[in-house]
Every structure is written in C-alpha cells, then in structure tokens.
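Undergrad: UniProt numbering numbers the first residue of the sequence shown as 1 and each following residue consecutively.
Rather than coming from a laboratory, the hints here were simulated on the basis of the structure. This structure is a prediction, so every number in the text was calculated from the model and none was measured. From the three backbone atoms N, C-alpha and C, an ideal C-beta is built for every residue, glycine too. There may be inaccurate statements among the hints.
[Stated by the list, open to error] Subject to a maximum C-alpha distance of 20 Å in a straight line, what follows is the list of computed EDC-like cross-link-like pairs (lysine to aspartate or glutamate):
1) 41 - 67
2) 30 - 89
3) 77 - 67
4) 41 - 70
[Claimed, not checked] Derived DEER-like restraints, expressed as beta-carbon distance ranges:
5) 89 - 67: 36 to 46 Å
6) 59 - 26: 30 to 40 Å
7) 84 - 60: 27 to 37 Å
8) 62 - 37: 22 to 32 Å
9) 61 - 90: 28 to 38 Å
10) 52 - 89: 34 to 44 Å
11) 53 - 76: 16 to 26 Å
12) 87 - 58: 37 to 47 Å
13) 36 - 61: 26 to 36 Å
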Amino acid sequence: MELTMTPTSSPASSPIPVPQGESLCFSRRKFAMEMEVLNLKIISQTNLLGNIQRYPQYEETELFQVEQNELSILQGKRDQMASAFQSIDPCEITGCPHLSCKLNSKTSSN
1 MELTMTPTSS PASSPIPVPQ GESLCFSRRK FAMEMEVLNL KIISQTNLLG NIQRYPQYEE
61 TELFQVEQNE LSILQGKRDQ MASAFQSIDP CEITGCPHLS CKLNSKTSSN
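Based on the provided sequences and hints, a complete structural model is requested.
TA: Shown next as structure tokens:
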C-alpha cells in the first residue's frame, strides 16, 4: 500500500508551509518563534567566528571558511524568512495580544 502526501502550500509561496486550518495568529507566533531561534544561531555562529579570530595562532583555514559559509547561509535564511513573514496577514481577533505582533528581526554586521 502506497501512501502519498500532498503539500499544504506551494514551495514558491513560503519557505515554511502553513498547515491548513491554522489560524493567522498562531502562524505569526510560530514564525516569530522560529525567527528568534534562527537569530540565536546567528549570534552563536558570529561569536564562534570572533573567538576563532582572537586565537593567537589564527589562520583562515578551510574549517574557518566552512563556519563563515554557515553564517552566510543562516543570514540568508533569516532574510528569506523575514520576507515571508511579511506575507502572513496580521491577526484580526479583537483583544488578541498578538493583534499587531511584529517580527523582531535582528541584523548583525559582518
């Protein structure tokens, strides 16, 4: 017996599919939480690279380049998610604490 799954949204519409029936408010909160986790990863990666560069025998090795590429990937993903977040309609439930929830997208300098 073969099971097939159909996507709940097209890949072109959003980097993170939103299951059908999910409220806009829940979608925005979930997306914002995922962005916060991604921001923490970016901060950690930036700190790692800074610590490597402070090492007395620092050389820009292949490993350093791999870590720097990882940071670029994370930053690109954050930018893509920030754009996708803007396409989610705001919550319209009167009295909802997330009525005007905004994305707290932190940018870090390279």
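Undergrad: Hint by hint, say whether it matches the structure.
TA: Results for each hint:
1. About 12 Å separates the Cα atoms of residue 41 and residue 67, which keeps this hinted pair within 20 Å; it holds.
2. Pair hint residue 30 plus residue 89 holds up; C-alpha atoms about 14 Å apart against a cutoff of 20 Å.
3. The straight-line distance between the Cα atoms of residue 77 and residue 67 is roughly 15 Å, inside the 20 Å bound, and the hint therefore holds.
4. Between residue 41 and residue 70 the alpha-carbon distance is near 10 Å, which keeps this suggested pair within the 20 Å criterion.
5. Range check, residue 89 to residue 67: Cβ separation about 38 Å, and the 36 to 46 Å hint holds.
6. Between residue 59 and residue 26 the beta carbons are some 48 Å apart, a value that contradicts the proposed interval 30 to 40 Å.
7. Distance hint check: the CB atoms of residue 84 and residue 60 are about 33 Å apart, consistent with the given range 27 to 37 Å.
8. At about 28 Å, the CB distance of residue 62 to residue 37 agrees with the hint of 22 to 32 Å.
9. For residue 61 paired with residue 90, a C-beta distance near 46 Å fails the hint of 28 to 38 Å.
10. Distance hint check for residue 52 and residue 89: the Cβ-Cβ separation is about 43 Å, which falls inside the suggested range of 34 to 44 Å.
11. Residue 53 and residue 76 have their C-beta atoms about 22 Å apart, which keeps the hinted 16 to 26 Å range intact.
12. Separated by about 42 Å at the C-beta atoms, residue 87 and residue 58 satisfy the suggested range of 37 to 47 Å.
13. At about 31 Å, the CB distance of residue 36 to residue 61 agrees with the hint of 26 to 36 Å.
Violated hints, in rising order: 6 and 9; the structure is consistent with all others.
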